[in-house]
Amino acid sequence: MSVDRKIVEVGRVFRLSGPAMVRRILLPAVMPTYVISLRAGLGLGWMFVVAAEFLGASTGLGFLLIDGQQLGKPAQIVAAIVAFAILGKATDWLIVLVSSPFLRWEDRFART
Amino acid sequence: MLVLDRVGKTYPNGVRALEGLSLAVAPGEILVTIGGSGCGKSTMLRAISGLDTPTQGKVVLDGTVITAPHEKIGIVFQEPRLLPWLRVADNVGFGLEQYPKAERRTRVAGALDRVGLTEKARVWPRELSGGQAQRVAIARALVPRPQVLLLDEPFSALDAFTRADLQDHLLDLWADFKPTLVMVTHDVDEAIVLADRVMVMRPRPGRVYEEIACDLPRPRDRQSAAFDFVKRRVLAALDRSLDRAVVTDDGETRAAAGGGLWW
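Those sequence lines, one after another, are chains W and P. Residue 78 in the working numbering sits at position 78 of the first sequence, and the numbers go up by one each step. Residue 8 in the working numbering sits at position 8 of the second sequence, and the numbers go up by one each step.
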């Protein structure tokens, strides 16, 4: 993540101290990239959790998938997949909800 | 009094952007610098602002050597450089963090009123037009009441009509508390509308080529003969500075170009 030199110069012209530069310029400037990374990371996180549960877990979504496969319970497999989708979408939505007040200044196409 | 004492700037790659530039600007004076590209105009402004330090010589404001951005020196860049995550009013008040909230609010309201953007106070910068954004940038630089205001081609990205409008507006704002203005431009008309003194610079290495006093009464009529006279002098000096002078039949040196814009 990098911040435009031109914006940092505005902070320098107004003689911001190090911490003030971080709080008033650097953090707000990286905020959009930060939120995007967070959302991408969350998706990956869920995937790895389930992948890890394939390997010898006795609870969890991954376990339900493996269990359903080995014992021939297709309903359980579908239910686990649906639960996985809902969980992923819900947590992603949570990040969007929490971050949106900080990103209202963005010039985005999707506005409500 | 703003003094530049034999200021020079050599970049690490060996380019000499500025050499032996000495200059004194009186309080309240409007100095406009003009010159071909690469003549060190912006380098000079950045040295005065303290954003860059010169490699030779020094910049002195009222006895203080400027080595870093100084509270008495404001700057307006070519782009508005508003912070997109702050509303217009918060952008204008950006440099007033040390003041109590109430005073900050009244000063911001006053500044917005002065640039005619009171109704835009709660708007995001992206919703402004180019001219409006530049007016906000000027308000942001002026609201801490700097002693020196530097302007780096502030109107060059605007259309001709908005530009003329903002030039008049800038003079109007200047009259409020008469800060020293040091401006860089490519536009000869703009220089003559604003300046008390026009400084023509010459490239490779950047240095002062000629200074032309400009004492026409304000407001200045861009169509008047006196205006035209000064303009011819500036254009001629510019051409000579770039070794492009045209000598007419009767041996008189005359400007090769007569256009209003100088690129």
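Hints in this document: simulated from the structure, not taken from any laboratory. Don't take each hint at face value.
[Stated by the list, open to error] Looking from chain P toward chain W, a few residues come up when the C-beta cut is under 8 Å (computed):
1) Ser49
2) Leu51
3) Ala121
4) Tyr209
5) Phe227
6) Phe229
7) Lys231
[As the list claims (entries may be wrong)] DSS-like cross-link-like pairs, simulated, lysine-lysine; straight-line CA separation at most 27 Å:
8) P/Lys58 <-> P/Lys231
9) P/Lys72 <-> P/Lys178
10) P/Lys58 <-> P/Lys72
11) W/Lys73 <-> W/Lys89
12) P/Lys101 <-> P/Lys72
13) W/Lys6 <-> P/Lys231
14) P/Lys58 <-> P/Lys101
15) P/Lys101 <-> W/Lys73
16) P/Lys72 <-> W/Lys6
[Claimed, not checked] For each label pair, taking beta carbons as the anchor points, the in silico distance ranges come out as:
17) P/Thr106 <-> W/Pro101: 43 to 53 Å
18) W/Gly18 <-> P/Asp52: 37 to 47 Å
19) P/Ala160 <-> W/Ile7: 49 to 59 Å
Cβ coordinates follow ideal geometry from the N, Cα and C atoms, glycine included.
So which of the earlier hints does this model not fit?
-> 3, 4, 5, 6, 7, 8, 13, 14, 15, 17, 18, 19
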